[in-house]
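Each protein sequence line maps, in turn, to chains A and B.
Mapping of the first sequence onto my numbering: residues 1 to 327, in sequence order.
Mapping of the second sequence onto my numbering: residues 1001 to 1096, in sequence order.
Source of the hints: derived by calculation from the structure; they are not laboratory data.
One or more hints might be untrue.
Footprint (simulated), chain B over chain A, 3 or more residues, beta carbon under 8 angstroms [stated by the list, open to error]:
id, segment
1, 214-221
2, 252-262
Here are the simulated distance ranges between beta carbons [stated by the list, open to error]:
id, chain 1, residue 1, chain 2, residue 2, range
3, B, 1089, A, 186, 40 to 46 angstroms
4, A, 121, B, 1050, 40 to 46 angstroms
5, B, 1093, A, 169, 43 to 49 angstroms
6, B, 1085, A, 288, 23 to 29 angstroms
7, B, 1064, A, 121, 46 to 52 angstroms
8, A, 144, B, 1093, 32 to 38 angstroms
A short list of chain A residues far from chain B (calculated; beta carbon distances all over 12 angstroms) [claimed, not checked]:
id, residue
9, 91
10, 165
11, 169
12, 323
13, 324
Small disclaimer: the values here were computed from a predicted structure and weren't measured.
Every residue, glycine too, gets a C-beta built ideally from N, C-alpha and C.
Each chain, letter by letter, is given below.
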Amino acid sequence: MAGGRALLSGPRSWCELLLARRFGIQNEKRNVTLCSQNGRWMTENSLPKRSSQSQDQRSTLSNIAALVGAGAMGMLGLAGFAHADEAEHGLQAPSYPWSHSGWFSSYDHASIRRGHQVYKEVCAACHAMSLVTYRDLIGVAYTEAEVKALASEIEVEDGPNDAGEMFMRPGKPSDHLQAPYANEQAARAANGGAYPPDLSLICKARHNGQNYIFSLLMGYRDAPAGISVRQGLHYNPYFIGGAIAMPKVINDGQVEYDDGTPASASQIAKDVVTYLSWAAEPEADERKLIGAKWILGACIALFQAGYFKRWKWAPYKSRRIIWDVVN
Amino acid sequence: MGSGFRVRCILAWSLRGCEHEEEASVEEEVVEAMDPKPEIEDSCKPRCVKQLISYEACVKRIEEDENGQKHCTGQYFDYWGCIDQCAAPKLFRKIV
Chain A
1 MAGGRALLSG PRSWCELLLA RRFGIQNEKR NVTLCSQNGR WMTENSLPKR
51 SSQSQDQRST LSNIAALVGA GAMGMLGLAG FAHADEAEHG LQAPSYPWSH
101 SGWFSSYDHA SIRRGHQVYK EVCAACHAMS LVTYRDLIGV AYTEAEVKAL
151 ASEIEVEDGP NDAGEMFMRP GKPSDHLQAP YANEQAARAA NGGAYPPDLS
201 LICKARHNGQ NYIFSLLMGY RDAPAGISVR QGLHYNPYFI GGAIAMPKVI
251 NDGQVEYDDG TPASASQIAK DVVTYLSWAA EPEADERKLI GAKWILGACI
301 ALFQAGYFKR WKWAPYKSRR IIWDVVN
Chain B
1001 MGSGFRVRCI LAWSLRGCEH EEEASVEEEV VEAMDPKPEI EDSCKPRCVK
1051 QLISYEACVK RIEEDENGQK HCTGQYFDYW GCIDQCAAPK LFRKIV
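Whenever a hint applies, use it, and build me the whole structure from the sequences.
The following block contains the structure:
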């Protein structure tokens, strides 16, 4: 046996061999033909050797050590949480059943249209959406004519004319939504040092964006006992730290919808969050269509590839090796 | 509604302007949008009684202590987290 290599019968995967050696799984007795180093064929009834006793003890001890270590790490991790961390993370927003979540669900475009109206009437006073152009709304929430009318309501500064002067002109669909402030410093100065963030990508820029923004807008409540926020800030449990500079802006009847939908606070918040979701991910509808097609195609291709592999490997996997006693 | 209203308006005229009364009558014709969220949250309160009791116990505990360090954010979060989990699936059925 010394210097010999056992050739076990039947194809064995490497992990089967590993497990057998590791746990000392006994196999049935076999006549095994061995090929020794000096070229003489020898026969032996052999069983896969069980790991030696010392190896057993070592491996068991290392197992126990690993488990204890993992347990200790877990306990330490849990013990590390200070309970004051709650306000630092904010109250976790619940998951609302958005109509556009799901692999095969598109946006509610009527809701996007109402949401744009809410943004324009309520939010645009403080929040910019500089990455969205008017023409992005064509075919999503408004017709081209409506968008041209919307765009022409604003005045935009345009490039030097022939006299070298900058001039103001009415907006075009290619213009970006107009920002309320010229720059961040102006925004901070007008809002007590707090910067109302640009909302173009806000739903992607915040963890659990949609649910977070909805909860935030609806979440203005009385502070818990023992918490007070300074003058100028408002308590909102969903906001990190709890004290937000924005006051509650969404109230019942704040906006009068063009399509006559009753404008409760929840309705307004839902519509504006749908609009913000669209603004952050305008490609979502098309992405889901493409995704459905490609994933279906990939599944079919996977099945095909698997079948082909199995077909090619069939002769090898079904081979039989016949051992015989050498006398 | 109209004439009776005008009479009341004249009587109330000494106290406040009639414009408010007329505006109120116009607004009543528009469907008032009542937010369903507070209602739903109220209906969820029975499920979160344990957290509410825990919060109120905390409030009572820190009442006596006035050094300003103690607060009940944890219990508050537990309570409102429970209400949110209960109310969230129901809210969108009530709005368009």
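| field | Non-conforming hints, listed in increasing numerical order | value | Per hint list: single violation, 9.
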